[in-house]
Amino acid sequence: MVGIVIVSHSAEVAEGTKKLAQQMTPPELPLAAAGGTRDGRLGTDATLIQEAIQSVAGPDGVVVLADLGSAVLSTEMALELLPAEVRERVVLADAPLVEGAVAAAVESSLGKSLVEVKAAAEAARNLSKVS
Amino acid sequence: MPLTAQELMDMIRAIGQTLEENKAFLTELDSAIGDADHGINMAKGFHAVEEKLPDLTGKDAGTILKTVGMTLVSTVGGAAGPLYGTAFMRAGMAVGSKEVLDTRDLVRALEAAIQGIKQRGKAERGDKTMIDALEPAYEAIEKEIAAGKEAGAALAAGVAAAEAGVEYTKGIIARKGRASYLGERSIGHQDPGATSSYLILKTMAEFLSGRK
Ligand SMILES: [Mg+2]
Chain S
-3 MVGIVIVSHS AEVAEGTKKL AQQMTPPELP LAAAGGTRDG RLGTDATLIQ EAIQSVAGPD
57 GVVVLADLGS AVLSTEMALE LLPAEVRERV VLADAPLVEG AVAAAVESSL GKSLVEVKAA
117 AEAARNLSKV S
Chain P
74 MPLTAQELMD MIRAIGQTLE ENKAFLTELD SAIGDADHGI NMAKGFHAVE EKLPDLTGKD
134 AGTILKTVGM TLVSTVGGAA GPLYGTAFMR AGMAVGSKEV LDTRDLVRAL EAAIQGIKQR
194 GKAERGDKTM IDALEPAYEA IEKEIAAGKE AGAALAAGVA AAEAGVEYTK GIIARKGRAS
254 YLGERSIGHQ DPGATSSYLI LKTMAEFLSG RK
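Quick note, the sequences are listed as chains S and P, same order.
Sequential numbering from -3 applies to the first sequence in this note's numbering.
Sequential numbering from 74 applies to the second sequence in this note's numbering.
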């Protein structure tokens, strides 16, 4: 299964989003949260993100979802810090965090590929909530 | 000039001291157009650096700069972490295993640092970021060095250009980071990142001319 990493400025947002995704998926789905800083502030830490990616990295690859500004910068930094053989199977989805994470998790649990899981996360942007 | 590895560490300590002194000021600037953490984040990062420096005694300049960069990446918390972290790491790669830096090394390191920030932040001049202070500073420094000036004097010219760059950020709209959410409301405020970049260059210039 494709691993999923949820990056947020807030540890609570990252953990909470992970729980929402887990509600709809089997427990063996590789999901990790990387939110906030090591000392409990709001913010992001490239080395925490790097560790989260490595904790869920397998042969099927990893999709990373990030929230605001520096979450993307720190994720790009984390990618550079990864060993090349891990990095080549990690992609950053351009997706809304919560909806994207749930969509990606469901898609991954169905055994879809890295490209398909990323696309599902990104398509979540177009889901209409109010009709 | 020349700058030994030990002096390089003292210069980094001086930068940390400047950022500590300006913690409230930088945070106040960031509270006007950002998430009110820039001063706190930079001070946190350089405190962590300060704690690492004793272990680096006897190491070459490249190792020192790269370690400073990695420490900032893992402790700052905001966008400044990967940005300044990348800057120090690229500067470290530029000087390699040298133990004493000359003027040319310094210019090369600065250029690599600024290029690193540009690539990481995908920012150009006029976006209201660190680049608005750093790029004009680098151009001024390079020009002075080419004209045969000492590193300290060249950096002083760079500091003046950076200060003008900070002033310039007051009149423009933020196109990067949290401040870009504010659109036109970001006009009238100077950019906190450009300000910390100016303060760092200013401290380096003061250190190199023996005033700090
Ligand atoms: Mg901030």
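Hints in this document: simulated from the structure, not taken from any laboratory.
Fair warning: there could be bad hints in the mix.
[Claimed, not checked] Examples of chain P residues lying across from chain S (beta carbon under 8 Å, computed): (1) GLY158; (2) GLY250; (3) ARG251.
[Claimed, not checked] DEER-style ranges, computed between Cβ atoms: (4) P:GLU101 with S:GLY54: 43 to 51 Å; (5) S:GLU11 with P:ALA109: 55 to 63 Å; (6) S:SER109 with P:SER282: 54 to 62 Å.
Owing to the predicted nature of the structure, the values given are computational and were not obtained by experimental measurement.
Note that the Cβ used here is the ideal one computed from N, Cα and C, for glycine as well.
Comparing the hints with the structure gives:
With 8 Å as the threshold, the beta carbon of GLY158 of chain P comes within range of chain S, its nearest partner Cβ sitting at about 7 Å, so the hint holds. Interface hint status for GLY250 of chain P: upheld, as the beta-carbon distance to the closest one in chain S is roughly 5 Å, under 8 Å. For ARG251 of chain P, the interface hint holds, the least distance from its beta-carbon to any beta-carbon of chain S being 6 Å, beneath 8 Å. Between GLU101 of chain P and GLY54 of chain S the beta carbons are some 46 Å apart, a value that agrees with the proposed interval 43 to 51 Å.
Between GLU11 of chain S and ALA109 of chain P the beta carbon distance is about 24 Å. The supplied range of 55 to 63 Å is therefore violated. The beta-carbon spacing between SER109 of chain S and SER282 of chain P, approximately 59 Å, falls within the hinted interval of 54 to 62 Å.
Checked against the numbered hints listed earlier, the structure breaks hint 5 alone; every other hint is satisfied.
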